[in-house]
Amino acid sequence: MATTALPTTGTLTAAPAYEGQSGIWSWLTTVDHKRIGVLYLFTALTFFLIGGLEAEIIRLQLQGPNGHVVSAELYNQLFTMHGTTMIFLAIMPLSAAFFNFLIPLQIGARDVAFPRLNAFSYWVYLFGGIFITLPILFNVAPNGGWFGYAPLSTRPFAPGLNIDFWVIGLQILGVSSLAAAFNFITTIINLRAPGMTLMRMPMFTWMSFVVQFLLVLAFPVITVALVFLLFDRFFGTQFYEIAAGADPLLWQHLFWIFGHPEVYILVLPAFGLVSEVLPTFSSKPLFGYPVMVYSGMLIGVLGFGVWAHHMFAVGMGPIGDSVFSLVTMLIAIPTGVKIFNWIATMAQGQLRFTTSMMFGIGLIALFTIGGISGVMHSSPPADLQQTDTYFIVAHFHYVLFGGSIMGIFAGIYLYFPKITGRMLDEGLGKIHFWVNFVGMNLTFFPMHFSGMLGMPRRIYTYDSGQGWDTFNMMSSIGAYILAVATMIFVYNFLKSRKHGAIAGANPWGAGTLEWTIPSPPPEYNFAVLPTVTSRYPLWEGDERDAESARINSQEGKTADELHIVLPYNTIKPMIVAGSMVIMFCGLIFAKPLIFIGAASMVVSLYSWLLSPLEPEHH
Amino acid sequence: MSAPAAAHYTSTGLDSRKIAIWAFIGSECMLFVSLISTYLIYKGRSIVGPFPHEAWTSPSGQHFKPILNIPVTSASTFVLLMSSLAMVLALSAVQNKELPKRTTGDRILGSSKLWLWMTALLGTTFLGFQAFEFTSFVHEGLTIRTNLFGSSFFTLTGFHGAHVTAGVIWLLTLLAIDYRRGLGPKDALNVDIAALYWHFVDVVWIAIFTLVYLIK
Amino acid sequence: MKGNSRLRQILAPGLIIMFGLALAAGAQTYPNSTFQPHSELGRYIDFLWNRLLLLGTIVFVIVEGALVYVIFRYRRKGTETEKPPQTHGHALLEVTWTMIPAFILLFIAVPTVRIIFKTQAKVAAGALQIEVIGHQWWWEFRYPEYKITTANEIYLPVGRTVNFKLNSNDVIHSFWAPQLGGKRDVIANRTNYIWYTPDSSMKSAVWNGFCTEYCGTSHAKMRFRVFTVQPAEFASWVAGQQKPAQYGATVASLPGGQATPVSGGEPKTSGVGAEGGNAPAIARPNGTPTPGSDTIAARAPTTGAVLASLPAGYTFPRNLPEFEYAKPHTPVPGDLHFTPGLTGVAARGMQVYSTAACVGCHAIAGNPSSVGNIGPNLTHIGSRSTLGAGSFPNTPAYLALWIKNARKMKPGIIMPTLGLNEMDPVQKRIIDKASGGLDDQQIADIVAYLSSLK
Amino acid sequence: MEHDSTHSDPVAVADHHAHGDDDAYHPGWSTYWKVALILLVITVVEVWIYYIPSFSASRAFVPSLLAMSAIKFGIVVAFYMHLKYDHKLFRALFTGPLFIAATTLIALLFLFGQLVARFGPGK
Ligand code: HEA
Ligand code: HEA
Ligand code: CUA
Ligand SMILES: [Cu+2]
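Residue numbers (numbering that gives the first Met the number 0), protein chains in the order written: chain A, 0 to 617; chain B, 0 to 215; chain C, 0 to 453; chain D, 0 to 122.
No lab work stands behind these hints: they were computed from the structure.
Mixed in with the good hints, there may be bad ones.
[What the hints assert, rightly or not] No more than 25 Å apart at the CA atoms, straight line, and that leaves these computed lysine-lysine pairs for BS3-like:
| hint | chain 1 | residue 1 | chain 2 | residue 2 |
| --- | --- | --- | --- | --- |
| 1 | D | Lys-33 | B | Lys-100 |
| 2 | B | Lys-185 | B | Lys-112 |
| 3 | D | Lys-33 | B | Lys-96 |
| 4 | C | Lys-164 | C | Lys-117 |
| 5 | D | Lys-83 | B | Lys-96 |
| 6 | B | Lys-185 | D | Lys-87 |
[Claimed, not checked] Distance ranges between label pairs, derived from CB positions:
| hint | chain 1 | residue 1 | chain 2 | residue 2 | range |
| --- | --- | --- | --- | --- | --- |
| 7 | A | Leu-48 | C | Ile-57 | 36 to 44 Å |
| 8 | D | Ile-105 | C | Pro-84 | 22 to 30 Å |
| 9 | B | Ile-168 | C | Ala-101 | 50 to 58 Å |
Glycine residues also receive a C-beta, built at the ideal position from the N, C-alpha and C atoms.
Start from the sequences and build out the full structure, keeping to the hints where you can.
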């Protein structure tokens, strides 16, 4: 339907996907950022379904008072794993899928700066994700909540394996995120095509750039916090040992120094995606580009100064409370600027309501609600009534689901054609949007009420007569609707991958560099490195842009024919990743594995580092 | 001005690896700050001794000296600082490999192998000091499990020691390459990156030495 | 346009459903609502909340209004001949929408900071001190001024500022009685405070309290009750609590009928010696303050209490319909049964209790063998209205089941399963005689004993 | 509006100055040994004042130690890590995180009452 009405440019033949690159082995050994991006996409979507399934069971349990679908023990594992999965295994990697696939295309590069490191990041993520997810099948999944407060997570209070999986799993995932972040920082700084100045970079790349710095600065802190916990649990140190006089707030501070930047890590890529979607479907450049850049940076920097707003109830004292409160409120300003600039981007445009656009607008509408409730938490006395209730749960689902997930869906609908060469079904897409939109609000809006009416979070059961029954029922119905929405999407995704309409290079009439190359892009992305003279080379560029776009949209030639040197495929990063995970498994299962894993890791690492990346240049 | 297809064009003209190592060092700042903060936060909060700067008598009457040994640590600090000097000389030797060496001084200063060995050796000496320190602490009754001070002290200095160890291995790897095929200006960047890492580990020690050892 | 009509098609019914559900919700009462403050702290918060809600609504309306306007105004009609104006920005506009939010925030920030300092100031002299100690998963409350230790229930005199001093022996908990004020975390190795004054104009009432920091398996069942009572009632309660435990020659009968409140349903208490029903021998506060059969005159607390009219031992009346919400309704697992028709004898129960495992964990002032401090103080357990930190009503029927298999009723707790031939869900083994299993008759005796401890 | 290179792009502008990394200016032996000497001297002074009981008990002790170690830190970074001569990008990559790290450290010490007496509510 709507697809046919869209302007399409470029030739309408589906480029054969990754010629000579099929079969399992090619996926295991690939170092191509696009294929790694696809791996990330599929893996993360799978984890999203798993996290969603966990949420559905949570909602089933809470549908009415005194529910007994699951036991207290299992419930606690479910919400811990739901939060952990959604944050570390679904949204972050979904963003990573876009980093991988898009950043090199948007800046006119042939690959990321360190292709093998990139593969390594993915494999570490996959193995780490499996490591932390599997235990729930054996009823030993992590059960300390997604922020695993000490001392509840220490050995005396959590003697089982549950938290071991969590500590080690997060440690593993941290390696993946850090490695990827160094890679993308370098890529964005150093691999921009000629003329692609920083202030011409597409907004998605910009926001990703900010996110990489957040990762690089936030993850070491949680690494340290987790190391302490790991040492406490395995080697008898006393960092969180209350009997030894430890201060339980140490964990909280370290966690949230990571945790708050983390929430911007989750939302800024979505902001970036929406900043691509809105101009595309408004046929107008992004409004206030420089301000959008600076506000993104400001959000990132301020994000390091607000962590203790998660701790207004811990008794920090009036000075600490006030300072963190004020800095938190400040963040509303740059975020507001983004919201208004997006609306201004749409104003005076010619809006096309594709599915992608609808999700993009959905983000503006819903994130604002979450942002406003965020500001409500930022007032410490008021937060004393809100913290640890469903009001908070409402807030963070509005920003996470209404922000990150909506943005990511907008991105998936926008970039699916670029990734696969085929269009997603727009009809199903719109149904998906509306069911999703209704379900989302029905699930999470009532939580504002149940929270302010006194319902604490993380309770596996509640009594009748507390005034919460109706709101919980609404939330549960909403969650079932969301499940339907998600299934529609999954169906659309799987079907269109093989049977969608052929997309062509630029099905949406978008303006940025990635739309100048065929869909899916050839291995080498750009036959010639493009010359960039403007922010939207396809809209505003001069003849030089047009010329490189013309050459690049041609297809058919192989890298060899074009004398483009591509890195060798290699299995080594995967072996290093696997060895590392085996090493960590040793802590839990059998000590010898530690040495086997470490030895194998060192050997494969040397072998990786000492083997050439690519053929000698001619 | 579009770049030739095969060349590895970079926007800044800088080598990607060097950008990455600096980003890595930035990240390490947060790592060590977390560790140092923890040490300082827990300073004076241990319930039982031994303590860093104060003597302590246990309820059972056992007496413990202040545990930190400033003279020994000063010596090891000196060693680490000198290793940084050796490291810059190693780098400059690699960079200037092709320059003619006229005097003995030139030849000594120009020997990358000498300076790499020297750096690695000084690094190892530092680690030796640390091993000595750790074992003597354990003998005096302070282990990583004893109290908050023990946990945070050993973890902080242990993390630093692990970084030094990794650095030594890195240096030995470079040395192996130097013996196999010689390191020349082409490799300067590789050596430079190792050097940046090495110096960073050194500056972290400068901070630790003051914050942990000297301030009471 | 197509998209538009679909929008209406889908949005309209959605809104109607939402509205309908909201109305349905309005029919209920909200006993834990944070919107009805009953202390000065509550009112400060309410003031901030109202302002936040107002400003938040304004921002919401502006943003969503602008968004909706733009959506409808600038839809592509398909008839456009040229590109829309390619604006890149507008300095003045952008400055404006930076400044306006900043200005709005000022109206939040200023009162916020003032209220922070006001509510965290040093508490006024003469406040009632209450030490709160969080345990997995129950609350210990101490009144140092009166040397009272109790659990899971707090009595507060209206009009007197109360300063809670919060500590934990294990993990982090959080102390929250929503209608009285905000919450404050309860943390080991760190003493926290929160203070407020229950409104003096209030009539005696009961409030639900919750642990709001996730603290492990039974976090959901770590509740408590706050009774805000008139000063005279408080004084009487204090006097009662200060006495050591007394039990007369009381007999608890747990007569025929199914003693088990079944899973999923309301407890079937008919025929059980429950709620003072047909257990006349246990003097229970049957909906009215019970004068008690006390012989020892308690020393009355001094703080302005009018004692004359009330003898020692006031407890808040149970079963008042308006406080239904404070009565737990949690069903008991269906496979937990108690032999019907047993009659417990308190004197015997005292003997059994004092030689059973109980004394290792529980203290009863007046019972010299019962000095444990792992579990709640049971000195006046008979005067409390709930069991298991607000999980079950404190009636003989529930108490018997609790002693028989507490772990089945409240997952993960330290209190072991004590009933003979019962399955301990934590240790995963059957409790036998050798491991101290109590048969139903013994339990009935203990119930009689404990119930008599008013 | 800002279509072309009038917009400052620190990284791209710098292209014209740096011709590949190998050419970056590095100081030589004469600088290196002087730096080493300064480091040495400062370290000696640090340890020395540690052993002057009257000084190490005075208020000036901690600030002077901090100042000295900051100087050592600074010159190693500036000269041995040749940040002083290198591309300003590297300086940004280092000082940005360092700033956030240092602020975090100070904030944490403040929050845990290691810098000033804590203000507590209640009693
Ligand atoms: C995507 C993730 C994300 C994002 C973007 C945010 C954004 C914000 N968050 Fe949120 N937050 C979370 C995820 C996120 N949060 C999570 C997961 C938790 C719970 C963690 C847990 O406990 O499990 C949490 C918890 C949380 C708390 C702790 C609550 C508690 O536990 O007691 C606080 C307190 O201040 C807070 C505040 C804010 C603020 C002020 C913003 C701001 O950035 C929002 C700014 C945006 C706007 C304000 C809207 C747009 C602005 C305008 C239209 C301008 C005009 C507006 C005004 C003048 C108000 N958040
Ligand atoms: C981005 C993050 C994200 C997302 C998208 C979601 C999505 C959802 N979340 Fe949650 N949530 C969190 C992050 C997120 N959440 C976090 C961080 C916490 C805090 C955890 C903690 O306290 O530690 C939390 C906590 C949380 C709670 C509170 C639990 C408690 O405190 O006790 C609830 C309760 O309703 C809830 C519900 C939901 C629902 C109904 C969805 C829905 O949107 C889900 C919709 C459903 C799907 C998307 C999948 C449906 C798919 C199928 C049915 C098919 C499955 C098929 C196969 C697997 C083959 N979430
Ligand atoms: Cu105690 Cu939750
Ligand atoms: Cu936050």
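Does the structure keep Lys-33(D) and Lys-96(B) at a Cα separation of 25 Å or less? 23 Å, holds
Report task. Decide if the proposed pair is consistent with the structure: Lys-164(C) and Lys-117(C), CA atoms, cutoff 25 Å inclusive. Result -> Answer holds: Lys-164(C) to Lys-117(C) is near 18 Å, not above 25 Å.
Going straight from one Cα to the other, do Lys-33(D) and Lys-100(B) come out at no more than 25 Å? 22 Å, holds
Restraint status (C-alpha distance of Lys-185(B) to Lys-112(B) at most 25 Å): Holds. Lys-185(B) to Lys-112(B) sits at ~16 Å (cutoff 25 Å).
inquiry  = Given a hint of 50 to 58 Å, does the C-beta separation of Ile-168(B) and Ala-101(C) actually sit inside it?
reply    = 53 Å, holds
Can you confirm whether the C-alpha distance between Lys-83(D) and Lys-96(B) stays at or below 25 Å? Judged against 25 Å, a Cα distance of about 24 Å means the pair holds.
Do the alpha carbons of Lys-185(B) and Lys-87(D) lie within 25 Å of each other, as the hint requires? 23 Å, holds
Tell me if the beta carbons of Ile-105(D) and Pro-84(C) are separated by a distance inside 22 to 30 Å.
49 Å, violated
### CB-CB spacing for Ile-57(C) and Leu-48(A) relative to the 36 to 44 Å hint
For Leu-48(A) and Ile-57(C) the Cβ distance comes to about 39 Å; the hint holds.
Consistency note: the structure conflicts with earlier hint 8 alone.
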